[in-house]
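*Asks:* Here's the letter readout for the chains.
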Amino acid sequence: MFHFSNIVRTKGDPKIVESGPSLKRPEDQLARALGWFSIGLGVVEFFAPRRVTETLGMEGHETLVRAFGVREILSGIMSLSVDKNAGLWARVGGDGLDAAALLSGLTSDNPRKGNIALALLMVGGIAMLDYRAAQDTKPRRPPRDARRKLYPNRSGFPKGIESARSKARQIPSHAAAGQS
Amino acid sequence: MKALVWHGKEDIRCDTVTDPEIQDPRDAIIKVTSCAICGSDLHLFHNFIPGMLPGDIMGHETMGEVVEVGSGVDGKLKKGDRIVVPFTIICGECDQCKRGNFSVCETTNRKRHLADKVFGHATAGLFGYTHLTGGYPGGQAEYLRVPFADATHIKVPAGIPDEQLLFLSDIFPTGWQAAVQCDITPTDTVAIWGCGPVGQMAIRSAILLGANQVIAIDCLPERLSMAEAGGATTINFETESVLERLKELTDGRGPEKCIDCVGMESHVISSLPDTLLDRAKQLVMVESDRPHVLREMIYVCRPGGIISVPGVYSGFSDMLPMGAFMNKGLTMRTGQTHVNRWTEDLLRRIEDGEIDPSFVITHTVPLEQGPEMYQVFRDKRDSCVKVVLKP
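The listed protein sequences correspond, in order, to chains A and B.
Mapping to the UniProt record's numbering: the first sequence position 50 is 50, numbers consecutive.
Mapping to the UniProt record's numbering: the second sequence position 381 is 381, numbers consecutive.
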């Protein structure tokens, strides 16, 4: 990618000779893949709900499919953002909703129940990936009750705060300070 | 040479890159001795600032030794000089530079056609920042080309450690300008949101400029303890109501002066529903900034007061209470820092021992560890407040 961006650099600007290791972990790549998958699926559900319901033998549920499409797109966008963990947990929750909706269509009179079983299998597989990615991308911020170093001795005033305050009291016009 | 290079969202790598070359007679090249990670680098790390490209070198807090000068530097710099590099690149000759408005220098943004379209008018070129500000390679590297080097430098004496001088490049003058913009008088209460490195400098600056009371607002114990050490009364917004505490500390009047050292990525917590809404809108790209602090400042500021905004905002902010802002007769002052307007005075204060900005450094590591330190700094791990990198 950086080879293309070099087009906008001038001749003497530094250019990459050898790239160092990336901060991206495999779980970050998985989150990214799931995010794009979510957006792709969401677009299909939103723009072609009839195709989806016909495939599953669940005609009449187009509005629900469209709503699921919006949910997929939003959780996909979140999975691609810096808040990917929240996006992935939203996807895990969405997988549950998908499974519940599919199970409601798994009736003996549905001629496409084979497709529903296949879809349930896929949802199960994807849910495992979502769960794994959500677990592995937990924010690495220290918990609120973690012990933290405190800095009570770092005033920044080598002569003490009182000295700084008293010197400030001698300034005739504070607004003019700094304009030498 | 080694340099920290932006490859995409949350992906900064320590790459081997070609050495910088003199491109213009007014250029100089420095061997970097110290550089730092700035809070605004995190906005780039998160890809919240538009106009970054893979291959861009990060960093705008840099100092070092001059190793090469162009023929047009006119004797203002020579090999061996020790300089701090201001993050704003300035020509020193245009109308804005002559007025001291260095951060809106009319000459140095080499991609002004982009900035003109986005901001209406181009601002100065900045090191290691977006292509909207020129796309100049930054100083988290072993060497740095300094364009317009005859004007873009702060000469510093030998004998003072890098750690005391490095922050003249950005956070110290940024905190100082934020306080100066408040026109502080001896009876003023100054409230400062955000106790990161710029907030810490703003606290010390407000003290040095004679504020009666300085109140610092954050939620991280280590940052609040550092703020308290610098003379501030602190409010932890996760455990206390900012509005009530500010009222209590100002006898119900509200602070006369408010400083936003947080900017576009304000904390998102469920007890503040506007922050949740901002984050949701930011995700679907209908809002670029999370301006909770601006809203709160406008609400709590004493009528007739001043709001100073050194925190970085990138684009569009929703639901600012302009009714309160207008009816209370508030004044807002903001902008990237006019670094060279302040550095002569600030260097003198460091030399006189009035202030030692190195108090803010919590981590010093080799440049190669820079990528990991971006994560540590972002996640506030290991009580990290400020990271200095040594190439």
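Everything labelled a hint here was simulated from the structure, so no lab data went into it.
It is possible that some hints are incorrect.
Stated by the list, open to error - Across the chosen pairs, the derived CB separations fall in these ranges: (1) A:Leu-103 - B:Glu-248: 55 to 61 Å; (2) A:Asn-153 - B:Asn-236: 19 to 25 Å; (3) B:Gly-159 - A:Ile-161: 21 to 27 Å; (4) A:Arg-51 - B:Ile-269: 38 to 44 Å; (5) A:Trp-36 - B:Arg-333: 42 to 48 Å.
To be verified - One side only, chain B facing chain A, incomplete, derived with CB under 8 Å: (6) Asp-74; (7) Gly-75; (8) Leu-208; (9) Glu-287; (10) Asp-356.
To be verified - List of simulated lysine-lysine pairs, DSBU-like, C-alpha gap at most 35 Å: (11) A:Lys-149 - B:Lys-9; (12) A:Lys-167 - B:Lys-76; (13) B:Lys-31 - B:Lys-155; (14) A:Lys-159 - B:Lys-9.
The beta-carbon is built from N, C-alpha and C at its ideal position, and this holds for glycine as well.
*Asks:* Look at each hint and say if it fits the structure.
*Replies:* Outcome of the hint check:
no.	hint	in the structure
1	A:Leu-103 - B:Glu-248: 55 to 61 Å	56 Å, holds
2	A:Asn-153 - B:Asn-236: 19 to 25 Å	20 Å, holds
3	B:Gly-159 - A:Ile-161: 21 to 27 Å	26 Å, holds
4	A:Arg-51 - B:Ile-269: 38 to 44 Å	42 Å, holds
5	A:Trp-36 - B:Arg-333: 42 to 48 Å	43 Å, holds
6	Asp-74	20 Å, violated
7	Gly-75	23 Å, violated
8	Leu-208	6 Å, holds
9	Glu-287	14 Å, violated
10	Asp-356	5 Å, holds
11	A:Lys-149 - B:Lys-9	29 Å, holds
12	A:Lys-167 - B:Lys-76	34 Å, holds
13	B:Lys-31 - B:Lys-155	14 Å, holds
14	A:Lys-159 - B:Lys-9	43 Å, violated
Checked against the numbered hints listed earlier, the structure breaks hints 6, 7, 9 and 14; every other hint is satisfied.
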